[in-house]
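Given chain X, work out where chain C should sit, using these hints.
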Amino acid sequence: MNTATNTAATTAATAAATAATATARATPATSSLAASSRFKAFAISFSTFGPVIYCICQFFNWPMFTFHPATNRLVWGYEGPRPGEGPNMLWYGWTATTVVVAALLGIVAMLLPEHVTRKIPLTLIWLFPILTIPYIVYSLMPWWTH
Amino acid sequence: MTNIMSVGTFWTIWLLVHLLFAVGLLGALTHQAMAVALPVRRAAGGIVTRFRAVPAPGYATAVCVLWVLTFVVGSYIYTKYRIFVRIPLEQSGYYKTQGFFDFKEHVATLGLVLLPGYWYFWKNAQNPEFDTARKMVTLVLAAMCWFLFIVGHVLNNTRGFGS
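Protein chains in written order, with the numbering used here: chain X, 11 to 156; chain C, 16 to 178.
Extracted from the complex, chain X is given alone in its bound form (with noise of 0.2 Å):
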């Protein structure tokens, strides 16, 4: 008795254990946008090269618009903080024209054989966002130094 309910048991857990094994395979795409090699290159061109375009932005101060807050002025591209009107914030302009450009190149990659964008390596799309980490906090050292 012991050993046909340890059967079953045993038989259980390894249908189960290769269920969850199995449960990051499910199922393949079932969304047109999923399956399309065409999203597939404006995604991964997208992601891999975001970081990296963020970054330039920032180090070459390239915001598509900047917005003073205590006054609402939003105005294209890099504007001071005026005199009585407080602070400029820039960040929403770099994250802007970061959006814009690697939307950009990711329709650049849509466009181009698929041969061609399968030369991307995956590990760039993971590699660059820590690769960039350095340089974001070398370029906060103000804020640790003062």
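Hints are computed from structural coordinates only; laboratory data are not their basis.
Don't take every hint at face value.
[Stated by the list, open to error] Among chain C residues calculated to face chain X with C-beta under 10 Å, some are:
#, residue
1, Y96
2, I98
3, T112
4, F115
5, W134
6, W137
7, L154
[What the hints assert, rightly or not] Pairwise CB distance ranges (calculated):
#, chain 1, residue 1, chain 2, residue 2, range
8, X, L43, C, P70, 15 to 25 Å
9, X, P93, C, F25, 24 to 34 Å
10, X, R48, C, N172, 40 to 50 Å
11, X, F69, C, N18, 44 to 54 Å
Bear in mind that the values here come from a model prediction, so they are computed numbers and not experimental data.
Backbone N, C-alpha and C fix where the C-beta goes; we use that ideal spot for every residue, glycine too.
Okay, now just chain C, sitting in the frame of chain X:
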């Protein structure tokens, strides 16, 4: 708006909305990161095993939506933060605290641009070609999310509710 609630209450509600989205995002990403980093080999087990044994692909879209929502609400709050929190922080000499906030804003954008690739990898989880990239992108996003959450929490402690 001031007839319905005070300005302070209005922004506190948005801060709480930001927090709630962030908690949802943190939970979803942590489940997924655990599932991908330490896949379950046995069917049953303790709470840690059960925490890891989630259907990870099902979290991908929710993570993307929550990241964007948290990002948008955080960006909205940031306009007031810049005037009513950052300036007093600087005047009080909390320079490193403010440095970490700037670090947080950069990391939030870096995470945002990773989302299309992350979503694509998870929606094609049946393809072994993406296994390493999917795992690493998920772990990077989870680490970013924890960093953003902790820095936000510390900043709120420094100058948040009632200040």
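Hints, verified against the model:
Contact between Y96 (chain C) and chain X, as hinted, is supported at the beta carbon level, the nearest pair being about 9 Å apart and thus within 10 Å. The criterion of a C-beta within 10 Å of any C-beta in chain X is met by I98 (chain C), whose closest approach is roughly 5 Å, and the hint holds. Here the hint on T112 (chain C) is kept, as its CB sits about 9 Å from the closest CB of chain X, short of 10 Å. Because the smallest distance between the Cβ of F115 (chain C) and any Cβ of chain X comes to about 8 Å, under 10 Å, the interface hint for this residue holds.
Interface restraint check: W134 (chain C) against chain X, minimum CB-CB distance 7 Å, threshold 10 Å, status holds. For W137 (chain C), the interface hint holds, since its Cβ comes within 10 Å of a Cβ in chain X; the closest pair sits about 9 Å apart. Against a cut-off of 10 Å between C-beta atoms, the interface hint on L154 (chain C) holds, since the closest Cβ of chain X lies about 8 Å away. Checked against the hint of 15 to 25 Å, the pair L43 (chain X) and P70 (chain C) passes, with Cβ atoms roughly 20 Å apart.
For P93 (chain X) and F25 (chain C), the Cβ-Cβ distance of about 29 Å falls inside the hinted range of 24 to 34 Å, so the restraint holds. Restraint check, R48 (chain X) to N172 (chain C): a C-beta distance of roughly 46 Å satisfies the suggested window 40 to 50 Å. Taken as a hint, the range 44 to 54 Å holds for the pair F69 (chain X) and N18 (chain C), whose Cβ atoms sit roughly 46 Å apart.
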